[in-house]
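Peer 1: Residue numbers (the numbering used here), protein chains in the order written: chain A, 127 to 239; chain B, 2 to 113.
There may be inaccurate statements among the hints.
Across the chosen pairs, the derived CB separations fall in these ranges [unchecked claim]: (1) Ala207/A - Gly80/B: 46 to 56 Å; (2) His13/B - Ser199/A: 38 to 48 Å; (3) Gly142/A - Thr66/B: 45 to 55 Å; (4) Ser28/B - Gln182/A: 20 to 30 Å; (5) Tyr75/B - Pro221/A: 25 to 35 Å; (6) Gln167/A - Val14/B: 20 to 30 Å; (7) Glu16/B - Glu188/A: 38 to 48 Å; (8) Thr41/B - Gln182/A: 42 to 52 Å; (9) Thr41/B - Ser206/A: 23 to 33 Å; (10) Asn98/B - Asn179/A: 12 to 22 Å; (11) Tyr75/B - Glu195/A: 19 to 29 Å; (12) Arg235/A - Gln10/B: 19 to 29 Å; (13) Pro27/B - Phe214/A: 24 to 34 Å.
Please keep in mind that the hints were generated in silico from the structure rather than gathered at the bench.
All C-beta atoms, glycine included, are put in the ideal place defined by N, C-alpha and C.
The chain contents come next:
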Amino acid sequence: DGGITQSPKYLFRKEGQNVTLSCEQNLNHDAMYWYRQDPGQGLRLIYYSQIVNDFQKGDIAEGYSVSREKKESFPLTVTSAQKNPTAFYLCASSPTAGANVLTFGAGSRLTVL
Amino acid sequence: ILNVEQSPQSLHVQEGDSTNFTCSFPSSNFYALHWYRWETAKSPEALFVMTLNGDEKKKGRISATLNTKEGYSYLYIKGSQPEDSATYLCASPKGANSKLTFGKGITLSVRP
Numbered sequence: 127d128g129g130i131t132q133s134p135k136y137l138f139r140k141e142g143q144n145v146t147l148s149c150e151q152n153l154n155h156d157a158m159y160w161y162r163q164d165p166g167q168g169l170r171l172i173y174y175s176q177i178v179n180d181f182q183k184g185d186i187a188e189g190y191s192v193s194r195e196k197k198e199s200f201p202l203t204v205t206s207a208q209k210n211p212t213a214f215y216l217c218a219s220s221p222t223a224g225a226n227v228l229t230f231g232a233g234s235r236l237t238v239l
Numbered sequence: 002i003l004n005v006e007q008s009p010q011s012l013h014v015q016e017g018d019s020t021n022f023t024c025s026f027p028s029s030n031f032y033a034l035h036w037y038r039w040e041t042a043k044s045p046e047a048l049f050v051m052t053l054n055g056d057e058k059k060k061g062r063i064s065a066t067l068n069t070k071e072g073y074s075y076l077y078i079k080g081s082q083p084e085d086s087a088t089y090l091c092a093s094p095k096g097a098n099s100k101l102t103f104g105k106g107i108t109l110s111v112r113p
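Next comes chain A alone, as it looks inside the complex (with noise of 0.2 Å):
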């Protein structure tokens, strides 16, 4: 069945770690997108891609980086230069660029201690 996979489902990482979250798809879907979730908030852009070798940062980029380097991969490093990495993040694609309907991974929960 095509869909999106995550991974890791929970990954716990030290104060001033990089870690990477893995998005994979194979529904041949040109844009990929991450999302973080925090309680009380809505889901949040971080980046998007619409296409491989081409990435634009969303509404909260910063300590955050990514690659597109093939159509069905979309990897996120979260920096440490990110101050509050502690989230639920959500991957997500759509067959285009653009308003499209999104369909989303299952998540990976991040706690940084």
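Starting from the structure of chain A, add chain B where the hints point.
Peer 2: Leaving out everything else, chain B in the frame of chain A:
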């Protein structure tokens, strides 16, 4: 309305009750309104995408309406069941080529 807003933030109902939620969004430059359902430990799933003023869409016991002139959408659940317990998200882009802006979500809990 500058952002996408949802109310109430949480709702507790008894099995069999009907319920409804509100999503408010900027009415200027309206392009589309999305509803997603997010069950615990699962991925958010799209329920409806609505684009035309007066649109009404239905999926089983769940339906949604859209008023683009005044900037709101209602989501109705008829005869709530425990399996309807989830967080319901609405989202709207700022234009055709813009990314979705999400509301904070409404968490529904249906007691058996």
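Peer 1: Is the hinted range of 42 to 52 Å satisfied by the C-beta distance from Thr41/B to Gln182/A?
Peer 2: Given a distance of about 31 Å, which is not inside 42 to 52 Å, the answer is violated.
Peer 1: Using the C-beta atoms of Tyr75/B and Glu195/A, is the stated range 19 to 29 Å upheld?
Peer 2: violated (43 Å)
Peer 1: Is 19 to 29 Å a correct range for the gap between the Cβ atoms of Arg235/A and Gln10/B?
Peer 2: holds (21 Å)
Peer 1: Verify the CB-CB distance for His13/B and Ser199/A against the hinted window 38 to 48 Å.
Peer 2: holds (41 Å)
Peer 1: Starting from the range 38 to 48 Å, see whether the pair Glu16/B and Glu188/A falls in it by beta-carbon distance.
Peer 2: holds (45 Å)
Peer 1: Between Tyr75/B and Pro221/A, does the beta-carbon spacing fit 25 to 35 Å?
Peer 2: holds (28 Å)
Peer 1: Are Ala207/A and Gly80/B spaced within 46 to 56 Å by their CB atoms?
Peer 2: holds (50 Å)
Peer 1: When you take the CB atoms of Ser28/B and Gln182/A, is the distance between them in 20 to 30 Å?
Peer 2: holds (27 Å)
Peer 1: Just tell me: holds or violated, for the beta carbon distance of Pro27/B and Phe214/A against 24 to 34 Å?
Peer 2: Given range 24 to 34 Å: holds, Cβ gap about 26 Å.
Peer 1: Honestly, do Thr41/B and Ser206/A meet the 23 to 33 Å range at C-beta?
Peer 2: Since the Cβ atoms of Thr41/B and Ser206/A sit about 31 Å apart, the hinted range of 23 to 33 Å holds.
Peer 1: Holds or violated: 45 to 55 Å for the Cβ distance of Gly142/A and Thr66/B?
Peer 2: holds (50 Å)
Peer 1: Against the range 12 to 22 Å, how does the distance between the Cβ atoms of Asn98/B and Asn179/A compare: consistent or not?
Peer 2: For Asn98/B and Asn179/A the Cβ distance comes to about 19 Å; the hint holds.
Checked against the numbered hints given earlier, the structure breaks hints 8 and 11 and satisfies all the rest.
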